[in-house]
Amino acid sequence: MAEPTERQEIEKGEDLEEPMETGALEFKRVPPWSKQITVRGLVASLVIGVMYSVIVMKLNLTTGLVPTLNVSAALLAFVILRSWTKLLHKIGILTTPFTRQENTVVQTCAVACYSIAVGGGFGSYLLGLNKKTYEQAGVDTEGNVPGSYKEPGIGWMTGFLFTVSFVGLLALVPLRKIMIIDYKLTYPSGTATAVLINGFHTPHGDKMAKKQVHGFAKYFTVSFLWSLFQWFYSGGDGCGFSQFPTFGLKAWNQSFFFDFSLTYVGAGMICSHIVNLSVLLGAVLSWGIMWPLISNLKEDWFSGSIPKSSMRSLQGYKVFISIALILGDGLYNFLKILAFTAKSMHTRAARKNLKIVADQANPVLDDLQRNDVFMKESIPVWLAYAGYALFAVVSIIAIPIMFPEVKWYYVVIAYMLAPALGFCNAYGAGLTDMNMAYNYDGSSHYDIPEIDASQSSHRNSHRNMAILGVEGFSALPHHCLQLCYGFFGFAVVTNTMRDILPAKYSSWVPLPMAMAVPFLVGASFAIDMCVGSLVVFAWHKLNRKKAALMVPAVASGLICGDGLWILPSSLLALAKVNPPICMKFLAA
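Numbering (this note's numbering), first residue to last: 2 to 589.
Derived from the structure by calculation, the hints contain no laboratory data.
Values in this document were obtained by computation on a predicted structure and should not be read as measured data.
Please note that a few of the clues may not be correct.
In silico DSS-like pairs for lysine-lysine, Cα to Cα no more than 30 Å straight-line [unchecked claim]:
#1 K377 x K36
#2 K251 x K59
#3 K211 x K36
#4 K212 x K547
#5 K337 x K185
#6 K36 x K208
#7 K208 x K546
#8 K309 x K151
#9 K547 x K208
#10 K211 x K542
#11 K344 x K185
#12 K408 x K133
#13 K178 x K377
#14 K546 x K219
#15 K59 x K132
#16 K151 x K408
Full structure from sequences and hints, please.
Below, the structure written as structure tokens:
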């Protein structure tokens, strides 16, 4: 009975949702940017951004595999602000309508917030500078210079991020028109999110959004309560459901078990089947075959007296072979995007000279109106150039002060390369939906930690890549270089196969970047993600239409519920409240 009433309210325009408009009227009614940025929107984006930052940091520090949360952020923004405006309306307080533009602003702010958590280096290169990582890499390791560490600190890290984080934005401001209007790049993920937000703000979309909100809330609650339940049994090292020997103790010793982490199950539901299968293949290849075989060659390939954390031991093979896969994949895709960019720009220039571009010769009225809206109220080009120059000068002065080993001309070179790399990345993302930003430092956000919690961070890989850059191949353990050559070549060959084979075959070629993840992390999270993939597969078989609607909401609920539990569990740990029970499994 509630739905017809609400539908009547929407039709009468009494709801706080913006009314549906079409044609020229819609373009005329687009509010100015000052109206799109609201206090309630900023508060909502802060709440969502903080929660998602906690979630992605957990993922970043444990697996490094961070799924795209744009859709989830858009859904949460809609839920929070729609609920708030309806509540105020019911108690008789007038408020401004909740528009799709405001929804987009909140989603964008939240995504920018957690993107800084991922790309800012909190789980990778900034953390790789600390003393503990320096010691884990081996104090006696060649190239690991004594005293070459810097402990994390709120002051210098905040200053560093303020100095460097705005540069990419300012460098690309002059290219907005070229990318969106002239080249008409699609940016698939951004377009999909925009379509979703537009769908929320329609009467039909409102009904669909209600189902998604209900599914999100239900599985958010389930995930949170399950995390709470698990906490009671984790009172000690190796205790709890997260160490459940699903396939037996022998498989558990090689990290093959289901750890009941709903975060990774949700991540597996969001990631494609080929990503999850590639992760599982990497787990079987590394923890099922390679590491046991190399361990049996302990005294032949490396000394048994070397600490496990040393790059001269088995840990070195894990780190550098995964890096070889990542570098092969990253370098191939970077060169491919450069080729796409050059070819596409050449083709467009030729078409422009021949004047055969029909849509430019006879522009559609709607396109002209959209272009006009897009170009209105943009950041002036002169301000972008001035801002870039200002931040460059500040960086040239400040970064060598923060890091005395970094010479000022290193920063100059970086700022000279940044616009070119930024253009390539933005253009490539528009063409292929592939963001290569994290690959330009010679690594990626997938080069992850050792399964042992004391080792868990990208920091080890980043520091060891730096050592490798200083010392060269002499830093590698015995026979590791030959294995690295092989896996680098494997990454290039598999990417080539994905590009040249027909679609029905190329879709089954594994992804080297995804395969590299479990080389360091272990196989347990690969099991979790494949469970998520299996859920999606079965759901699509049973009810494809419902699955397409509900999978993103359910997956987001699982991720957010488990992720939010981090906050109360951290408070309990700070208060020295320990779980009362240790559930552990031992051989009979």
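For each hint, the structure was consulted:
Note on K377 and K36: the hinted pairing holds, with a Cα-Cα distance of about 14 Å set against a maximum of 30 Å. Restraint check for K251 and K59: the C-alpha separation of about 28 Å stays at or below 30 Å, so the hint holds. A distance of roughly 26 Å separates the Cα atoms of K211 and K36; the hinted pair therefore holds under the 30 Å criterion. Taking the CA atoms of K212 and K547, the gap is near 10 Å; set against the 30 Å cutoff, the hint holds.
Restraint check for K337 and K185: the C-alpha separation of about 20 Å stays at or below 30 Å, so the hint holds. Restraint check for K36 and K208: satisfied, since their Cα atoms lie roughly 27 Å apart, inside the 30 Å limit. Between K208 and K546, the direct Cα distance comes to roughly 15 Å. Compliance with the 30 Å bound is thereby established for this hinted pair. Taking the CA atoms of K309 and K151, the gap is near 24 Å; set against the 30 Å cutoff, the hint holds.
Restraint check for K547 and K208: satisfied, since their Cα atoms lie roughly 13 Å apart, inside the 30 Å limit. Between the alpha carbons of K211 and K542 the distance comes to roughly 24 Å, so the proposed pair stays at or under 30 Å and holds. Simply put, K344 and K185 have alpha-carbon atoms about 15 Å apart, close enough for the 30 Å limit, and the pair holds. A C-alpha spacing of about 25 Å is found between K408 and K133, which places the hinted pair at or below 30 Å, so the restraint holds.
Between K178 and K377 the alpha-carbon distance is near 11 Å, which keeps this suggested pair within the 30 Å criterion. The suggested pairing of K546 with K219 holds, with an alpha-carbon distance near 20 Å, which does not exceed 30 Å. For the suggested pair K59 and K132, the alpha carbons sit about 21 Å apart, so the restraint of at most 30 Å is met. Restraint check: the Cα-Cα separation between K151 and K408 comes to about 16 Å, which is no more than 30 Å; the hinted pair holds.
The structure agrees with every numbered hint stated previously.
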